[in-house]
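**Student:** This is what each chain is made of:
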Amino acid sequence: MSEEPSDALKRLGERIDKARAEHVPRQPVAVDRSALQSGLGLGFRIGIELVVAIAVATALGWAIDRWLGTKPWGMIVLFFLGVAAGMLNVYRAVTGINVPVGYRRLGGDEVAGQMAKDDWDDDEN
Amino acid sequence: MAIELHPLEQFTIARIVPIHIGGLDLSYTNAALVMTIAVVLVTVLTVVATRSAALVPGRWQSVAEMLYEFVADMVDTNIGHGERRFFPFVFTLFTFILFANLLGMIPYSYTTTSQIIVTFALAAVVFILVTTVGIVRHGFHFLSLFVPHGVPKLLLLLLVPIELLSYLIRPFTLSIRLFANMLAGHTMLAIFAGFAASLGILALFPTAINAMLIALEFLVAVLQAYVFAILTCLYLGEAIQLH
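Chains as they are written, first to last, in numbering that gives the first Met the number 0: chain E, 0 to 124; chain R, 0 to 242.
These are computed hints drawn from the structure, not numbers from a lab. Glycine included, each C-beta is placed from N, C-alpha and C at the ideal position. Any given hint could be a false lead.
Stated by the list, open to error - Facing chain R, from chain E, some residues (calculated, C-beta under 10 Å): (1) A54; (2) N88; (3) R91.
As the list claims (entries may be wrong) - Pairs of lysine to aspartate or glutamate residues, derived as DMTMM-like cross-links and limited to a Cα-Cα distance of at most 25 Å, are as follows: (4) K17/E with E68/R; (5) K9/E with E64/R; (6) K152/R with E162/R.
Given these sequences and hints, build the entire structure.
**Tutor:** Have a look at this one:
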C-alpha cells in the first residue's frame, strides 16, 4: 500500500508490454485459414463458386448474343469458359485462398525450369 | 387443423414511410430501418464507448477495442503492412454486415443481408474499389493480373478470358455467398418452427433442432461477415501487391 501510483502504472505498463510480445508471434494467417476452411463454410463456398461462375458466364454469353446477333455461339463459348473459371475458383478456394489470380505462387517451378536449362547448357559443352 | 405456413414471409419488404419521387419508389422500408439501426448501433458503440477512453478499458471500450484490433490484424496480414488507409473501409464493411446479420437474429426483426440487392450493392462497391485501386497504383500494368506467367503464348488465348471471367464473377460470388447463407438459414429456422407449430406433442423434436440451428445461425452470421471482410482484404491486397 505504501508504493507510489506511478510505480503501479509502470508495472502495469511492463505487464502490457510482456503480454503484447507474447501476442505478436502468433501467426494470424494460420488462424484465418482454419476459420475460413471450417467444413460448412468451405462447402458452401465451393458450391457457390462453381454455380455462380457458370450462371454468370452463360448469362453474359446470352447478352452478347442478343447484342451482336451471334446466337448461339456466344452462349456456348462462354458456358464452357464459365465452367473453366468456376473450376479455377474452386481450385483456388480449396488450395488456399491466398493464391492470386495468375498462378504466381508456382514460382518454384520456374526455378526448377531454370536449373534444368542450366543442365542442358552443360551438356552442350 | 392445418396451419398455414409461410417460411418466406419474413423476407417481405414493407413500406414504412412511402416516398415516391419522379416515378421512383424511394420508400423507407423495414429493411432500410434495420440498416439504419445497424449503422446507429455501430456508431454508438465506437464513438460513445471510446469517448471516455481509459487506460484500463471498461466493458464497452474493450468490445470496441477488440473489434478494432481484429480488423486491424486482418488488414495488416491480408492487404499488407503500411496499408492502414484501407482500414476504415474494411472496418465499416465488417461491422455493418456483422450488425445487420446479428440484428436479423432478433425475433420479428428483419434480415437485410438476405436481400440480394443489399449484398450486391456492397460487393459492387468492393469490386469498383479494388479495380480502381489496382489501376491507380499500377496503371496499364494492372492488366498483367489476367496474364498467367510462364504459359505458352497459344494457351494465353484461352487462359486470359478465363482469368478475366473469374475476376468479373467476384462481385457475384461475394454477394451471393452472403445472401444465400442468410436466406437459407432463416428459411430453415422458419420451416422447423412451422413443423413445431403443426406437430402437437411431437413438437419437441423440431424445437430441439431449431435450438441447435439458432446457435448455428449465430455462427453463420459472424462467420459470413468475417468471410466478406477477409475476401475484400485479399482482393485489395492482390490488386496492390501485383508482383
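**Student:** Next, verify each hint and record whether it holds.
**Tutor:** Hint by hint, here is what the structure shows:
Of the supplied interface hints, the one on A54/E holds, with its beta-carbon coming within about 8 Å of a beta-carbon of chain R, less than 10 Å. Hint status for N88/E relative to chain R: holds, with the closest Cβ pair at about 5 Å, below 10 Å. Look at R91/E: its Cβ gets to within about 8 Å of chain R, closer than 10 Å, so that hint holds up. Only pairs whose Cα atoms come within 25 Å are accepted, and K17/E paired with E68/R is accepted, the gap being roughly 17 Å.
Restraint check for K9/E and E64/R: satisfied, since their Cα atoms lie roughly 22 Å apart, inside the 25 Å limit. Taken as a hint, the K152/R and E162/R pair is honoured in the structure, with Cα atoms around 15 Å apart against an allowance of 25 Å.
The earlier numbered hints are all upheld by this structure, with none contradicted.
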